[in-house]
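Number of protein chains: 2
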Amino acid sequence: MASLLRLPSLLSPSKPLLRRRLPAARLAAAAAYRGQASEAVGAAAPAAAETRGGDREGQVTPRSVDFNAWYTDVIAAAELADYGPVRGTMVIRPYGYAIWEAIQDYLNVKFKETGHSNMYFPQFIPYSFIEKEASHVEGFSPELALVTIGGGKELEEKLVVRPTSETIVNHMFTKWIQSYRDLPLMINQWANVTRWEMRTKPFIRTLEFLWQEGHTAHATLEEAEKEAMQMIDVYTKFAYEQAAIPVIPGRKSRVETFAGANRTYTIEAMMGDKKALQAGTSHNLGQNFSRAFGTQFMDENGQIEHVWQTSWAISTRFVGGIIMTHGDDAGLMLPPRIAPIQVIVVPIWKKGDEKATVLEAVDSVLKILKEAGIRVKVDDSELRTPGWKFNHYEMKGIPIRIEIGPRDVTNKSVVVSRRDVPGKQGKEFGVSMDPSILVNHIKGRLEDIQASLLHKAITFRDSNIIDVSSYGELKEAIAEGKWARGPWSASDADELKVKEETSATIRCYPFEQLEGTKKCFMTGNPAEEVAIFAKSY
Amino acid sequence: MASLLRLPSLLSPSKPLLRRRLPAARLAAAAAYRGQASEAVGAAAPAAAETRGGDREGQVTPRSVDFNAWYTDVIAAAELADYGPVRGTMVIRPYGYAIWEAIQDYLNVKFKETGHSNMYFPQFIPYSFIEKEASHVEGFSPELALVTIGGGKELEEKLVVRPTSETIVNHMFTKWIQSYRDLPLMINQWANVTRWEMRTKPFIRTLEFLWQEGHTAHATLEEAEKEAMQMIDVYTKFAYEQAAIPVIPGRKSRVETFAGANRTYTIEAMMGDKKALQAGTSHNLGQNFSRAFGTQFMDENGQIEHVWQTSWAISTRFVGGIIMTHGDDAGLMLPPRIAPIQVIVVPIWKKGDEKATVLEAVDSVLKILKEAGIRVKVDDSELRTPGWKFNHYEMKGIPIRIEIGPRDVTNKSVVVSRRDVPGKQGKEFGVSMDPSILVNHIKGRLEDIQASLLHKAITFRDSNIIDVSSYGELKEAIAEGKWARGPWSASDADELKVKEETSATIRCYPFEQLEGTKKCFMTGNPAEEVAIFAKSY
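Residue numbers (UniProt numbering), protein chains in the order written: chain A, 1 to 537; chain B, 1 to 537.
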């Protein structure tokens with residue numbers, strides 16, 4: 001009886017079209033996203049796009065059929081985000097925001113442990129500030145949003161809505177830093193930033209997004225370099241250990257370096273469609289901004305020097321990276337460590353007299369898991385069937401589902417299903433309700449899932465990076481949608497030629513390098529390092 | 001010897017001018033704030049103001065001499081905030097931001113406990129949205145910042161940088177709400193907002209500020225009313241129990257109601273200069289926005305209805321309220337529950353051979369207090385004298401200072417000083433270093449301080465509210481800078497007349513009312529309620 005109620009046919013992954021039926025409103029939103037992603041219209045053009053896609057009939061596009069459509073469908077169906085009324089803007093819905101909060105909670109602690117304090121800078125920056133650092137203005141001026149009217153009056157000087165805060169940070173640092181005693185100055189802010197992007201994609205590239213930006217000032221180049229490396233290391237650990245994303249940390253090429261930095265370090269992630277995602281960056285800014293803004297200090301010998309600086313950032317784009325790394329046809333799949341809900345408990349009963357005993361058992365399981373620090377939720381709503389709930393929470397990527405029916409209550413056990421292992425294989429019957437056994441079991445499974453997601457992603461990544469020793473081999477690898485890794489010492493012009501001819505860019509010179517001089521695959525000249533080329537978001 | 005090193009003369013509150021000597025850079029910032037607060041200039045006019053006030057010679061203005069100057073001096077000297085390059089903007093420095101984080105940490109938990117989820121809406125709102133709700137546009141249009149250029153192009157429709165989010169929230173709610181099953185919808189966002197204010201004051205009124213804004217939609221008026229009341233109650237408890245601010249909760253008059261609300265509830269706080277501060281508000285929006293934006297749902301009987309809504313907010317203004325409620329001539333004074341640092345430990349030694357044993361004792365005290373969950377910091381810097389540190393941490397309002405010198409090490413005890421009780425009276429010698437005794441002692445003192453600050457604020461508040469029964473008495477009370485409380489049932493026009501003639505407004509009809517009909521002090525007509533009138537920030 002209980003197994004009948006569990007609706008095994010609905011759970012079988014062989015019927016995705018049946019399973020993924022969605023309310024019409026959600027689909028309209030998903031279709032609208034796709035509409036939005038593929039065009040660049042005027043400032044505010046919402047209504048028309050919303051009504052499109054009504055012919056999609058309730059499915060989430062299978063990942064293998066159309067990765068981009070799958071991505072936007074999942075975002076709508078899992079209620080992660082919606083799009084705002086202004087073209088290119090995004091509303092982050094509670095479930096998507098909860099993932100961002102999990103990212104914040106982890107990083108915020110790490111930033112403080114490494115000596116940084118949070119603070120807040122105004123988002124309006126005088127236009128003249130942006131012009132002070134030459135390469136900075138060149139990089140950012142095409143994508144600025146400008147406030148020209150305030151309080152009903154035309155402003156004397158246009159205000160930039162911050163695209164990043166180096167300029168205003170340096171303006172303030174110049175006031176606060178006088179002596180070596182004031183260094184290092186290490187701060188971070190959690191904030192919104194605006195970049196007027198023409199081609200947008202939810203989480204990945206939006207007109208406004210949320211991020212943290214760290215900014216530090218040091219007495220020496222060495223200290224700044226150490227800081228820039230430390231922070232890319234914090235990001236790398238976060239990606240591996242929390243998000244189960246096996247990023248490749250490395251250095252950007254000159255062409256790809258941040259506008260205003262001497263060096264940019266990056267973590268590059270391979271998405272499910274094998275495109276690269278720049279998931280976080282850390283910049284050694286040298287003295288570029290301190291010279292532009294006159295940020296100086298008196299050193300221990302009484303000499304006046306310019307400070308050495310870094311900046312580093314991770315944004316809501318990372319949420320998109322999580323979706324595109326782990327998701328499958330059934331929807332989102334969240335690594336347990338950052339899942340807002342780790343365990344969903346679904347009670348199952350048919351006859352009225354079963355309800356009370358089932359709910360009693362559910363309540364006791366809830367209490368046991370909560371006390372053990374597991375993020376658990378019960379869905380005992382009677383408005384939805386268990387089958388609907390199974391699909392719904394799979395779509396939401398919750399790592400573990402616990403089912404409790406009348407037979408389970410009799411046996412004092414529960415059924416445990418893993419989100420990452422489809423069908424019967426991922427299902428364990430008869431797991432004891434005894435508190436210590438249950439807690440150990442669930443904790444163990446959460447760890448298994450965390451490890452398994454990372455392992456799967458590493459295998460996928462490694463099987464899609466091709467070592468190349470000629471430009472022809474690179475072209476072939478890129479044409480297959482893969483990453484190409486090969487010795488590189490050619491010019492910026494050659495790098496831009498590769499981009500033009502293949503759409504691939506240097507994602508990074510990975511930190512992990514084999515020793516010894518190699519031969520540049522483009523020029524045949526000696527090359528100290530290999531570079532990774534790939535198409536990217 | 002140890003007592004000599006403690007520099008008692010510097011600690012005596014009788015020499016404020018000597019004690020409050022500050023570095024020149026801080027003073028320039030303080031002076032600049034004052035300059036800024038008293039004028040309204042063009043969009044970005046920072047540099048000139050910065051150099052003023054150089055003749056202030058290192059003191060924080062005594063509170064009794066000039067409350068406003070004292071306020072901005074403390075903000076600069078305690079490094080709470082600085083002002084941004086654009087007129088009216090504020091940089092929240094790490095210590096000021098940490099107080100905001102303490103506010104966030106508490107409220108964020110309470111919001112979740114009461115069923116709200118965090119999310120994020122874009123800050124750019126099409127101008128046409130603002131115009132949809134008649135009283136909303138009337139209230140907000142004079143203070144809007146408008147983006148007119150994006151990505152190098154003039155926009156077809158101007159974008160409003162959000163002054164508040166009711167309009168965009170309703171636009172999205174209309175998409176998400178179809179049925180009674182979708183209700184209640186209860187969300188919150190932590191965000192920056194922009195209001196083009198002409199007269200600004202750090203924390204209290206700035207062009208951009210940080211806040212949380214809750215937004216909810218319900219099936220019935222009763223539910224919405226209950227929610228609006230619940231949230232003003234959350235704010236009231238926070239103010240009393242965490243910030244030790246004895247706010248008066250009540251209902252705003254029609255004239256003072258939020259632009260777009262049917263009812264506005266408020267918590268009103270009395271600052272140290274007796275002016276009122278509106279410290280948080282909660283609005284019953286009725287169906288005003290749901291009618292303007294067509295936010296409808298199908299109820300259980302299949303009827304289509306407009307949703308009933310609320311919104312509620314607390315902002316960084318509350319930090320200003322904390323400063324102006326508890327601060328004194330020595331600077332900031334923080335209630336222990338929201339103090340980023342509750343205990344500062346200052347080691348004292350003179351001879352080199354004393355250093356090691358003192359620092360060892362300091363380290364053990366640090367560990368003991370940390371393990372007990374007390375927020376404690378050690379300042380063992382050798383760049384500053386103990387006397388400098390005493391002043392510095394008093395200025396920063398840290399509730400308890402522990403001093404440990406060679407004699408204390410010998411006696412296995414420490415010296416404990418309360419920030420809120422000046423001089424010898426607030427100082428306890430010979431407090432045992434025994435872990436359980438020390439922890440109990442410090443925890444007890446923190447509770448004492450918390451209670452004492454609230455008690456002091458209540459006494460101050462109650463001694464400065466005058467019950468009036470005629471307009472003459474009100475004028476007298478207001479002229480003395482006090483609050484006037486009296487029966488009121490007069491017209492909006494009368495209310496505006498009072499404002500014009502006395503600068504006082506109705507702060508609220510307090511929830512706490514004596515029963516029975518009274519006589520309106522203005523008209524002599526029957527009045528159901530008393531109202532509180534006061535000058536306000």
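What the hints contain is simulated information worked out from the structure, not anything from laboratory work. Check each hint, because a few of them may be wrong.
Note: identical chains are not told apart, hence a pair may lie in one copy or across any two.
No more than 25 Å apart at the CA atoms, straight line, and that leaves these computed lysine-lysine pairs for BS3-like [as the list claims (entries may be wrong)]:
1) K112 / K475
2) K535 / K518
3) K110 / K367
4) K367 / K389
5) K367 / K275
6) K389 / K175
7) K377 / K112
Hint by hint, here is what the structure shows:
When the C-alpha separation of K112 and K475 is checked against a cutoff of 25 Å, the pair qualifies neither within a copy, at 44 Å, nor between copies, at 52 Å. When the C-alpha separation of K535 and K518 is checked against a cutoff of 25 Å, the pair qualifies only within one copy, where the shortest distance is 24 Å, while the shortest distance between copies is 77 Å. In this assembly of identical chains, the alpha carbons of K110 and K367 lie at most 25 Å apart only when taken from different copies (21 Å versus 30 Å within one copy). Taking the closest pair of Cα atoms, K367 and K389 come within 25 Å of each other only inside a single copy of the chain (21 Å); across copies the shortest separation is 48 Å, beyond that limit.
Taking identical chains as interchangeable, the C-alpha atoms of K367 and K275 are never at most 25 Å apart, the minima being 43 Å within one chain and 49 Å between chains. Taking the shortest alpha-carbon separations for K389 and K175, only the inter-copy value of 22 Å comes in at or below 25 Å, while the best intra-copy value is 57 Å. In this assembly of identical chains, K377 and K112 lie within 25 Å of each other by CA distance solely across copies; the values are 14 Å between and 30 Å within a copy.
The structure does not agree with the numbered hints 1 and 5 stated previously, though it agrees with the rest.
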